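Protein chains: 2
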Amino acid sequence: MFSRAVANATGNVIREILKLTQQPDVISFAGGLPSPDAFPGEELQEIAAQIIGKYKNEVLQYGTSEGYLPLRQFVAGWVKEKGIEAEAADVLIISGSQQGIDLLGKTFINPGDGILLENPTYLAAIQIFNVYQGKFNLVNTDEQGLIPASLRAAAEKSTNKLVYLVPTFQNPTGTTLSLARRREIAGMLEELGLVLVEDDPYGDLRYSGDPLPAIKAYDQQNRVVYLGSFSKIISPGLRVGFAIGPREILGKMVIGKQTTDVHTSNLSQMIIYEFCRQGLLTPHIASVREKYGRKRDLMLELLDKYFPEEVTWTKPEGGLFIWAELPQGVSSTELLQEAVKEKVAFIPGDCFFPAGGGENTIRLNFSNASPEEIETGISRLGKVMKKYLTCIQKK
Amino acid sequence: MFSRAVANATGNVIREILKLTQQPDVISFAGGLPSPDAFPGEELQEIAAQIIGKYKNEVLQYGTSEGYLPLRQFVAGWVKEKGIEAEAADVLIISGSQQGIDLLGKTFINPGDGILLENPTYLAAIQIFNVYQGKFNLVNTDEQGLIPASLRAAAEKSTNKLVYLVPTFQNPTGTTLSLARRREIAGMLEELGLVLVEDDPYGDLRYSGDPLPAIKAYDQQNRVVYLGSFSKIISPGLRVGFAIGPREILGKMVIGKQTTDVHTSNLSQMIIYEFCRQGLLTPHIASVREKYGRKRDLMLELLDKYFPEEVTWTKPEGGLFIWAELPQGVSSTELLQEAVKEKVAFIPGDCFFPAGGGENTIRLNFSNASPEEIETGISRLGKVMKKYLTCIQKK
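From first to last, the protein sequence lines stand for chains C and U. In terms of the UniProt record's numbering, the first sequence opens at residue 1 and continues consecutively. In terms of the UniProt record's numbering, the second sequence opens at residue 1 and continues consecutively.
Just chain C, same shape as in the assembly (with noise of 0.2 Å):
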C-alpha cells in the first residue's frame, strides 16, 4: 500500500525517545534543544506586534516562495563572516535547514544513487535520504574530521552524486574539519564529480578556539551547498533556515519548496530579519555562547569527576554535543535503560551510524538542562555507568 520512501520508515528513534524521557523528574542529556532562557522572547514579543501592525498585508499575504527579500539580502551580507560571497539571489529561506537536506534530496537522489556521509553523522540525514532510497558510501573521521583521502578514496571506489557533512561542531561527536582540509576539500569537488552539502547549524556556537571559514568560502568551482539556521541562534520553533548554493541547484530546490509547503511563515521570516535589522543578532549570539561555554566546561569538569576510568569524550570547540565512547562489547542502549530508571537520559550512539556500529558510544547535550540539573545528571549516569560496567565485567 505505501510507497518504497516511508514503507520501512519507522520514525525518527530520537524523538520517540524524548517522548520517554519527558517527564518531568527526567534530567534529559538526550536532545539537540537549546536552552529556554537562551530565547530572546521579550524583543520577539515586541517585534512580532510591530511586524503585523506596519505590514500586515505582506505578513498575512502570500509570500515568494524564495523567500523575503530582505532577510535574503540580510544573509548574503551576514556570511561574509564567514567568508561566503553571496547575494539574496544566492540564497533560498527555508522552514529550518534540515528541509534544505530534503529539497537537496529531492534535487539529486533517484533511487540507488550514492550518498558519501561521514561516520557517524547526522540522523535525520541518514532518515531524509532513506526516503529517498539513497546508498551509503561511508567516508571515514578523526579528531580534525572528514579525512581527504578517505573521501578520495570512497568517491573513486563508487558512484555518488553528493556528499553530506556537518563540519563544525559536528553532530553527535562535537569534532570540527580543520582549516587545511576544508581547503583542500572544496578543491577536489569537481574532480570528483560531487556536489557537497556544508551542513553548518552549530558554527556560531564557538566557545574556544579560532573561528574557520565555511568550506563554501573555498568553492572556486561552485559545488557546495551551504546550509544555515536560525534554529540554536534565535529560535527553533519559528523554524526559518537558508541555503545559499549555485543559482542552478537553488532553482530546482525552488520548485521543490513550491509544491511542499509554497513558502516559509512570512511572520517567522519578518521576525527573524527584523531581529537581524535591530541589530540585535550580534549581541545575542555572544550571549547565547557565553552560557553555552559555560555549560560545556561545567559538563567537561563534571565528566572528569564521575565518568569511569573505561570512558573517553570529545572536548569539542562549541556546538551542543560531547560524545562519549565506553569500552568495546557495551551496549549503550542497554545502559539507556538503567539510566532511565535513575531519571537521566542520552541518546545511545549506534543510531547516527548509517550502515550500524557505534553501539558503545553515546551522546550527550549540554545546552538543554540548566547547571544544577547538569551536576545532578552526571552524577547520576556516572553512578549507573560505574554499576553497569561492573556488572558487564562480572559476566
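Calculated directly from the structure, the hints in this document are not laboratory data. Bear in mind the structure is a predicted one, so any value in this text is a computation, not a measurement.
The list treats identical chains as interchangeable, and a pair is accepted whether it falls inside one copy or across any two copies.
Derived DSS-like pairs: lysine-lysine, alpha-carbon spacing no greater than 30 Å straight-line:
(1) K343 with K291
(2) K343 with K56
(3) K161 with K135
(4) K291 with K305
Dock chain U against the given chain C, drawing on the hints supplied.
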C-alpha cells in the same frame, strides 16, 4: 545530474505569470489570493504579542511533528460542522494544506503508480504528483463534480492508489460535488482499492446554497484523508493547514513531515489556535463570506455585461474562482498576451488539464481585487476578448 523528480520540473506557471503581472497598474484575476481587507490584522497583532509573552518557552522551542495539541483538539471539534468525527489523534497540523498533498505523494506514490484526477484539477496537485512520478488517469466531471460511474470505469481500467479531489468550489472550475455523489464515492473506495484525498481549502467560503457535509463524513471504510486550511479564512502567510485521516496513514505522513520541516512554526500554530479559542473564527468567516460573496455577485453581473456572447462561465456557490469557456479554437494563452497589454490578467485554463486540452478556457479569481478593480478589469477583458474573437473570425 538532477533527480528524475525535478529534472523536467519547470516551476509553477501561475507563480511565474503572477510575477509578470505584479506591476501595480495591471489588474490581476490570475492568482488565488485572499483579499488584504479580509485579514484580521489587529486581532492577530494582539494575539501574537500575547502568545510570545505568555508561552515564550513553548512558542520558541522545538515542537512535536504532529502539531500543537490544543490546535489539533480544536480542529477535531470544529470539523463536526462538516460531519467529520475526529479526535486530536486523527489530526496532523501541516504547513498549509498543500503540504498534505506532498506528504500523501511521498507516502503512497512509487514512480509509475496510478492517481485518479478530475480533469481539470488543481495545478499544484499535478506538479506535486509529477515530482513523485505518478501516472495520471483522468475521471470525467460535469456541473455536479466528479461522475461516480466514470470514477468506477477509470479505476477498473487502470491500477491506482489515490484519487485526488477538490469536491467543494473546485479549483479551477468552481463546481461542487453533489451530496448523493459524496455518499456514493465514499462507499466505493474499498471495493476499488483507493484512498481518497479530499482537498477542501474553500469549503467554508459559501455565498449561496446549502452547506454540504464533507466526503469524509461518509467515510465508513476509513479511506479518506481530508485536507483543510486556514489560508483562505485567516491568512495564507502563516502557513497552517491540517490533515484528518486514518491513523496508519497519518503515521506515515508524520514521518514524512519529521524529515522535511520537523514541525510547522509554533508561533503560526499558536496564533491560529488562540484566534479560534477566542471565538473569533466563526464571525470572521462570516465577514469574509459577505465580502467575497459581494465580489462574486459583482463579477458575475459584469461578465454578463461585458463578455462576448460566445463565452460561457460557471456560477459557483462559493470559493474564489469563476471558470469561463471561449469558443473552440481560441488560445487563451494568446488572449492573455493581449490582455496584459491592456493591463488585465487571468490564468489560461490549459495548465489545469493534466493531459492537455482546455486551450479555450480561463480561470478568473474574484477574491483579491477590489470592486472598482473588478469593474475596470472585467470591462477591459471584455474588450480584449471581443477584439480577439473578431480577429480570429477574420482569419
